[in-house]
Amino acid sequence: MDPTQTGGGKAALIWRFLRPSLWLFTGALTLSMLNTVFNAATPQIIRTTVDSVIGPEPFALPEPLVSLLRLDSLELTRGLILAAAAILAAAVLSGVCNYLSRIWTAKCSENFVKGLRDGLYDHIQKLPFSWHTAHQTGEIIQRCTSDVDVIRNFVTNQLLEVFRTAFMVVFYLVVMFSMNVKISLVALGFLPIIMGYSFFFYTKIAKRFLAADEAEGELSTTVQENLTGVRVVRAFGREQYEIDRFDVKNQRFTDLWIKLGKLMSAYWASGDLITGLQIMTVLLVGVYETVGGGVTAGEFLAFMSYNAAMVWPVRALGRILSEMSKAGVSIDRVKYILDAKEEPGPAEPVEPPMDRDIVFDHVSFGYEEQGSTVKDISFTIPAGSTFAILGGTGSGKSTLMHLLDRLYDLPEGGGRITIGGVDIRSIPREYLRRNIGMVLQEPFLFSRTIEENIKATRPMASLEEVRAAAATACVDAAMAELSLGYDTMVGERGVTLSGGQKQRVAIARMLMQGAPIMVFDDSLSAVDAETDAQIRAALREHEEGSTVVLISHRVTTLMQADRILVLEDGRVAEEGTHAQLMERGGIYRRIYDIQMNSEDRVLLEEGGDD
Amino acid sequence: MAAYDEKEYAQSFDWRVWKALFPYLRPYRKTLIQIFVFIFLCAFIDILLPLFQRYAIDRFIEGNTTAGVAGFGGAYAAAIILQALFVVAFTRGSMRLEMMFGRDMKKACFVHLQTLSFSYYNVTPVGYIHSRVMSDTNRIAALVAWNFFDMLWAFSYVIGVFIAMLMLNVQLALLVILVVPAIALLTWYFQNRILHWNRKVRKANSKITGAFNEGITGAKTSKTLVIEDQNFAGFQKLTGDMRASSVKAARLSAVYIPLVLFVSSIATAVVLARGGFLVREGLLLLGTLSAFASYAAGIFEPIQQLARNMADFISIQANIERVTGLLDEKPLISDAPEVVEQYGDTFHPKKENWPPIKGDITFEDVSFQYPDGNEEVLSHFSLHIPAGTTVAIVGETGAGKSTLVNLACRFFEPTAGRILIDGVDYRRRSQLWLHSNIGYVLQAPHLFSGTVMENIRYGRLDATEAEIKAAAEAVSADTVVKKLDRGYDSPVGEGGDRLSTGEKQLISFARAVLADPRIFVLDEATSSIDTETEQLIQNAISHLLEGRTSFLIAHRLSTIRHADLILVVRDGRIVEQGKHEELLRRKGYYHTLYSKQFAEEAALRALQAQ
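So the sequences go chain by chain: A and B. Using full-length UniProt numbering, you'd call the opening residue of the first sequence number 1 and step up by one each time. Using full-length UniProt numbering, you'd call the opening residue of the second sequence number 1 and step up by one each time.
Some clues are possibly wrong.
In silico PhoX-like cross-links for lysine-lysine, where the CA-CA straight-line distance does not exceed 20 Å [unchecked claim]:
| no. | chain 1 | residue 1 | chain 2 | residue 2 |
| --- | --- | --- | --- | --- |
| 1 | B | Lys19 | B | Lys30 |
| 2 | B | Lys107 | B | Lys330 |
| 3 | A | Lys10 | A | Lys502 |
| 4 | A | Lys341 | B | Lys220 |
| 5 | A | Lys326 | A | Lys207 |
| 6 | B | Lys587 | A | Lys262 |
| 7 | B | Lys220 | A | Lys126 |
| 8 | A | Lys249 | B | Lys237 |
| 9 | A | Lys126 | A | Lys341 |
| 10 | A | Lys259 | A | Lys207 |
| 11 | B | Lys200 | B | Lys248 |
| 12 | B | Lys330 | B | Lys358 |
| 13 | B | Lys220 | A | Lys502 |
| 14 | B | Lys237 | A | Lys126 |
| 15 | A | Lys341 | A | Lys326 |
| 16 | A | Lys262 | A | Lys10 |
| 17 | A | Lys126 | A | Lys335 |
| 18 | B | Lys330 | B | Lys350 |
Derived from the structure by calculation, the hints contain no laboratory data.
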């Protein structure tokens with residue numbers, strides 16, 4: 001792969017999507033640190049109050065502050081009110097920091113994830129069609145959803161949390177050490193144990209989680225298969241058997257989780273035990289130090305507060321660090337998509353007129369691993385004519401149309417396709433495709449309304465135009481009859497159209513494109529012969545002058561074309577007008593005979609020989 | 001993916017809904033009691049811990065002595081160790097309860113699903129049922145086992161702290177308690193709003209997943225229509241909505257959390273100011289003041305937790321309704337009590353009483369209307385099918401070809417009239433008796449995860465390996481097995497997705513042969529299968545039909561031609577019946593159908609045969 005386009009490692013991917021919100025990220029981080037600083041003020045206020053307002057100690061505060069608040073001549077009530085006010089002031093400041101850091105974190109997180117999702121979607125759409133056929137939909141979607149969430153969580157939760165906790169621990173420890181080294185050392189000594197213990201545990205437990213998760217997946221599959229296979233289950237009377245199978249999976253799932261639960265339970269309890277002992281030890285050492293005069297009572301209280309505030313985040317840090325390794329895998333999985341190369345544009349793009357002859361010139365092509373599907377094919381589709389292609393499954397007819405629309409590009413030495421003499425590889429894809437209206441064999445409708453589907457290529461078109469196109473495709477009446485008419489949603493959330501209706505809606509959608517070249521890739525197969533004829537008649541009337549390519553098995557469809565090409569096993573078997581081909585007495589003639597004289601009893605008997 | 005819009009359930013608390021859980025909880029009374037006891041003990045120690053600090057300050061620091069520290073440390077350590085043990089006991093109990101309770105609910109759903117009729121499966125999407133069996137039961141179990149008891153802990157902790165504070169100093173205690181309503185009010189105000197936006201976020205999220213899905217599955221269409229940019233704009237709107245909703249939810253939290261912390265700081269400030277005064281006056285010990293400060297800071301988290309958990313917990317009412325809704329679904333077809341008495345039910349068959357079956361089927365003046373349909377699709381229909389007859393049913397897609405099969409197999413029962421099997425109304429026999437004698441092969445054959453061997457054995461569970469292999473050979477399924485690297489022990493993948501459609505079909509034939517049913521139903525595949533497999537399948541079918549009464553929902557010319565009786569279906573009604581030649585000669589609808597549908601098949605065959 002080209003390293004300039006793949007753009008380096010995991011950090012580069014994070015950087016690419018985080019950069020637009022970098023100031024939010026640093027802002028959020030800075031403010032959350034400030035928040036920690038303001039939070040650290042409260043124990044100091046309590047300490048000062050206990051030691052110097054209630055107690056007799058001199059104020060251990062900077063001189064300007066002492067003189068400003070006239071603390072040297074302080075009576076009790078004013079002192080206590082000042083202390084309360086100081087606590088509220090610290091609370092307000094920390095609250096503001098907290099608020100802003102949360103908002104900025106959220107914005108940063110949402111910007112990041114929006115950027116990443118948009119980037120993925122846009123990129124996936126621009127990836128070549130061959131990439132799409134080579135990858136499974138479910139797999140790609142998982143990368144675009146679950147993996148993206150893991151990455152987002154990594155960047156805007158875990159990363160921030162690690163920075164924040166690290167800063168907090170360092171800051172609190174600095175404050176603690178400045179008060180008393182001994183107690184601080186004791187407190188500090190426990191921290192690696194707490195963190196290491198969590199980290200170790202979550203790393204260990206990951207495997208068991210996986211096993212339990214898999215058991216759940218198996219159970220889920222069993223249910224799913226029973227539901228989708230309900231007809232088979234009933235038809236064989238296998239209800240009890242199914243329940244037995246389900247029981248085994250259900251029990252396994254239950255047992256694995258209970259086992260995991262025991263481990264978790266041991267972890268929680270021992271975690272509580274270690275942190276509890278840490279707090280106790282700090283308390284006991286603190287008591288000795290205070291009684292021995294090493295610290296004041298107020299300082300002792302401050303110590304206890306700082307220590308308690310630190311323990312939980314440190315415990316969480318162990319867990320976060322162990323989970324952060326997951327993010328690496330997700331980043332790689334997303335990077336895989338983003339690193340795939342988009343369809344490249346031509347070096348010297350030309351946008352020639354498209355109402356010209358289309359020439360396939362010694363075209364050979366094969367899909368990966370499949371050998372060649374199309375072998376040295378040459379023919380010309382004259383501008384403005386109707387050109388028909390007939391061929392069996394795998395004869396390469398759809399491949400030719402894929403090549404014409406540049407869903408696949410002809411490799412070097414695979415011949416060339418020209419429109420008005422211009423090689424289509426030098427025509428920009430958008431321009432080419434916009435000028436070739438293509439109706440696919442199995443049409444895909446978007447889960448939007450029927451109107452939106454039909455006017456997909458021209459969103460500003462009026463309903464009249466939409467209906468006119470639908471009328472040409474002989475589907476207007478059927479659509480207007482639906483309860484919501486053209487506003488009916490298609491797909492999972494809406495109506496299910498029949499195969500024939502889908503094909504006709506797809507034709508209407510293609511007509512809206514107003515392209516000078518139209519390709520019908522077996523796109524009337526689900527429509528009965530009468531409607532097929534009607535649609536073609538309507539087309540001839542409306543779209544005079546366009547070049548039309550028809551792929552069909554129906555002789556009645558084929559025979560009206562100006563020219564007919566018969567493909568066989570990737571090669572041209574016959575080519576000519578209907579009359580010429582009839583004269584010739586080849587495959588076309590045979591198919592004509594079968595289809596047009598189907599009532600012939602003799603032929604029926606022949607059909608039974610297979 | 002939310003394919004099927006869930007109906008919104010009423011949010012107001014309904015005791016009757018919750019009562020449905022009791023039968024599932026009853027077997028775990030002991031576990032429940034265990035959790036109750038240990039949760040209270042945990043809360044008790046949590047309340048106790050700040051008092052250790054109070055004692056240390058008052059006794060050692062204020063008393064300026066270290067006498068008795070060892071005993072104090074011992075008691076403190078004992079409390080911490082006890083706490084750890086209580087945590088083990090409670091979490092193990094909860095995990096056990098969650099899993100067992102969930103397991104039992106899942107089983108109840110699954111067993112019930114095995115009795116429900118096809119009318120239910122026909123109108124209910126699989127995903128919708130699946131989520132009830134898996135996610136809803138998981139959520140109910142988890143919330144009952146953990147969330148409920150967390151609330152109990154928080155509640156007893158808060159009450160306990162109030163009691164402790166009141167015992168230590170009534171005046172200060174009342175000052176702290178005064179702040180509680182403020183927290184409650186804030187929580188109530190914000191939680192509902194946050195919940196509202198979070199719901200929007202979830203909806204936006206599922207839309208984004210849907211858009212990815214559509215973008216990927218519709219890639220070819222998007223490319224040919226050149227609407228990538230437009231799709232991308234639509235997608236950006238979705239991610240934009242998602243960002244807006246998420247930021248909105250985050251903004252509410254960003255206001256809520258600092259506000260709660262601020263209120264908590266007010267409590268601390270009040271305790272410090274008033275408590276400091278009391279200490280100086282000698283009315284309060286310094287240790288008690290510090291305990292108050294701890295309580296005042298520590299009480300707010302449980303209160304918030306209580307509110308959050310409450311909202312979550314109430315929300316499972318909807319999950320309970322969904323699960324009980326499934327369990328309340330009545331099977332449309334059930335055996336009469338006297339039938340169950342004689343032949344047993346689905347789960348406890350009395351096979352010794354089962355009469356042998358010949359496969360002679362009579363429709364006697366049968367009328368039928370689908371439960372979700374609004375017109376009769378069969379009126380006063382009579383037909384005698386002698387044992388061993390091959391009946392082909394033909395018609396266009398969606399014409400209602402399955403109706404007769406559904407009735408004959410008793411997947412549905414006639415609304416009027418009778419269906420006799422071997423001269424006896426089938427309602428006087430058990431469903432399992434009939435189903436055990438039916439072989440059913442679907443158009444899209446359904447296999448279960450597991451090996452080839454297991455899948456064939458599904459037809460008859462006590463079959464020997466030799467019998468299974470014989471069955472496979474009888475329908476040429478052994479050709480499929482030979483291609484697999486682990487032979488009969490090769491896994492077929494989820495739903496059989498490691499095999500091609502044709503291969504799956506052959507395996508499902510073997511399964512049907514092994515069952516050796518008297519009545520055989522085949523829903524023929526329309527999808528194009530390679531010629532070689534096609535030939536194998538044709539041979540297999542003719543083998544299968546020998547000596548059985550069979551219904552063929554037929555698409556292939558050769559199958560139809562060989563049928564003893566052809567039923568022609570149009571718009572849900574049987575319009576013609578007879579043998580192939582008779583029907584053709586009549587030049588009615590069958591003739592039209594034939595020329596339209598089968599002529600193309602014949603043409604394809606001609607092309608393929610070249």
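Here's how the hints hold up against the structure:
no. : hint                   : result
1   : Lys19/B with Lys30/B   : holds (19 Å)
2   : Lys107/B with Lys330/B : holds (17 Å)
3   : Lys10/A with Lys502/A  : violated (44 Å)
4   : Lys341/A with Lys220/B : holds (17 Å)
5   : Lys326/A with Lys207/A : holds (13 Å)
6   : Lys587/B with Lys262/A : violated (75 Å)
7   : Lys220/B with Lys126/A : holds (11 Å)
8   : Lys249/A with Lys237/B : violated (43 Å)
9   : Lys126/A with Lys341/A : holds (9 Å)
10  : Lys259/A with Lys207/A : holds (13 Å)
11  : Lys200/B with Lys248/B : holds (10 Å)
12  : Lys330/B with Lys358/B : violated (31 Å)
13  : Lys220/B with Lys502/A : holds (16 Å)
14  : Lys237/B with Lys126/A : holds (19 Å)
15  : Lys341/A with Lys326/A : violated (26 Å)
16  : Lys262/A with Lys10/A  : violated (37 Å)
17  : Lys126/A with Lys335/A : holds (16 Å)
18  : Lys330/B with Lys350/B : violated (24 Å)
Comparing the model with each numbered hint stated earlier shows that hints 3, 6, 8, 12, 15, 16, 18 do not hold.
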